[in-house]
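K.L.:
Chains A and B supply the protein sequences, listed in that same order. Position 338 of the first sequence, counted from 1, bears residue number 338 in the numbering used here, the numbering being contiguous throughout. Plus 1000 on top of the position in the second sequence (first one is 1) and you've got the numbering used here.
Please keep in mind that the hints were generated in silico from the structure rather than gathered at the bench. We put the beta carbon where it would ideally sit given N, CA and C, even for glycine. Fair warning: there could be bad hints in the mix.
[Claimed, not checked] As a list, the in silico EDC-like pairs of lysine to aspartate or glutamate whose alpha-carbon atoms are at most 20 Å apart:
(1) 1105/B - 1010/B
(2) 196/A - 1084/B
(3) 302/A - 1084/B
(4) 58/A - 300/A
(5) 286/A - 300/A
(6) 302/A - 315/A
[To be verified] Just so you have them, the derived chain B footprint on chain A, three or more residues with Cβ under 8 Å:
(7) 136–142
(8) 309–323
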Amino acid sequence: MPGFPFLISSGLSIFIVLCLSAPVFFSAPGALFTAKLAWIFGIGFASYRVFRTGSVSKWRSLFFIILAWAFILEFKSTLIGLSGSAWVSPEIQEVPYCHIAIASTLLNHLYHQYLAVLSGHWLKWSPLAAGLFFWLLATLSIGQGWCSWACFYGGLDTTFSSFGKKPLLKWFHLPRGIRDFSLALLITVLVLSLVKTQPIYCLWGCPLKISTGFLDPDTAIRKLQLAIFAVAGILFIIGIPLLIKKRTFCTFLCPFGAWQALVGRISPFRVSIRPDLCTLCGQCLKACPVYAIDAEGVKEHKISSYCNRCGDCFDACPTGAIDYTIRGLAPGTPLPRILFLVSAWLIGGSVSLLFVPSAMLKGIQWIASI
Amino acid sequence: MRPLISVLAEGFILGISTGSVCAATCFPFLLPYLMAESGDGFRKQAFLLLRFFSGRLTAYLLVGAMAGWLGGRFRGYFPEWTHDWPLIILASAMMVLALERIFPKISSCPRVPKPFLSAQFPFLLGFLMGLNICPPFLIGISRLLEIGSSGLGMVFFFAFFVASSLYLLPLFLILPFFSSERMRRVGAFTSFLVGISYLAKGIFSLFPSR
């Protein structure tokens, strides 16, 4: 009998099943229903292993990688059904709407809401409102943790940064100030999107169109957009993560990551280094996939707000000096870890349930047809 | 006296009615620049902004006088390239300045002392922003070509400058947030990214058949 961890994990599993099972109850019995149940069981098992072993990184990464690739599989297969092509699709030219767009087009939505209010259309909510509500709930709960537990793009560079035990290039330190590039990118896309009344990041910078449809390259500008997409994607999602074992897209090119670093402070959860246990070995700095810990941070036992609560540094720390904490609560108690992990599995699980079971079925069908 | 007041009012009304467009043109350049360059203290930041405004005013007065003097001689004729080059120069200047901020050891003009360049850049930025031809600016020029007087041209654009500057005043409110070294670095990166964006826009505008 594993004792306390077992009680926690089984309680968590039951809770997840209760919370996430609403869509399952509304599903007609059949393959999809079974897939949903199987996925919920999978989440329960992963959370049990995390509590049982104390290692967050391994099971979270696995869940996170499945989340990203299942999202691509589900979206791409839907696109094939709609337009007959998974690649360049002239019919689908609308900019995809996702959580990254929440950050980069926020000013545009606020402006449209302002116009709606001025024109007396009090009930004319911007499309952002629903997404904003869910985002706010998630951010209140796990803050920056969204980027390592629920973002269906983050698993892409996580996949490629997971290959191999040691990095081929040891780029553990960034030149001063480079980590703030994503914040500059956020400010740039916020301002330019408002000025040009276009989602600039989605059109020009986002290499995550790999999950959705590409624009047809019928003009020079479209060709340039496609070239930027391809270069940024190959370099920052595949190439550099393979070489240095860091999530370089999330670190440098995601404006939402910078946004969460600013707004995520409203969440009570933090990741803290206990000075009494820290030996200044620097293993956390090497393990952090998003450069949230630098040399000065290790000396001062501080982790920057770019930390997205992935837990990789916990497992790397030889003395167990790093853990989740709650603002205002003394470190060293297991409660923050339990509360955070329950919240993170719930939110990540809720997001994943929207597309992972369906993608699982499609994957099985494809394999069977081969 | 009546034409003077009439031209003043015309310039002011044009500035007020289209000032949001002017602000939208200036804002992407001005915000990151202020972030990158503003030092500690409101006075220093405000002085920076005032030098920008003086550059913009100089450009407006110059264009106003020119457009008025040219009168009907070149009425309605402005080659396409005159619209794009100020933008290209401005974007390139922003990028060069941002790179100097990001890599302090690099200097684009080794013979000119850096403090001199830093001191003159706000004026240059304002001047180039003033020359940057946006729709309200074109409306003003076309009106001056009809009026045909350099003096009235300067009056018209002075009033236009005062009215359109009102939309940029909120920048004074956010200046205090840009006083940290970190925000200056972020501002330099932002200047560089905005510079790239507008440089691309300017270059693409030179080749209309795209």
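K.L.:
For every hint, state whether the structure bears it out.
P.N.:
Status of the hints after comparison with the structure:
1. 1105/B - 1010/B: 49 Å, violated
2. 196/A - 1084/B: Judged against 20 Å, a Cα distance of about 17 Å means the pair holds.
3. 302/A - 1084/B: Answer violated: residue 302/A to residue 1084/B is near 48 Å, above 20 Å.
4. 58/A - 300/A: 28 Å, violated
5. 286/A - 300/A: 16 Å, holds
6. 302/A - 315/A: 17 Å, holds
7. 136–142: Our answer is that it is violated, as 0 residues pass the Cβ test (under 8 Å) against chain B, missing three.
8. 309–323: Since 0 is below three, the answer is violated.
Hints 1, 3, 4, 7 and 8 from the earlier list are contradicted by this structure; the remaining hints agree with it.
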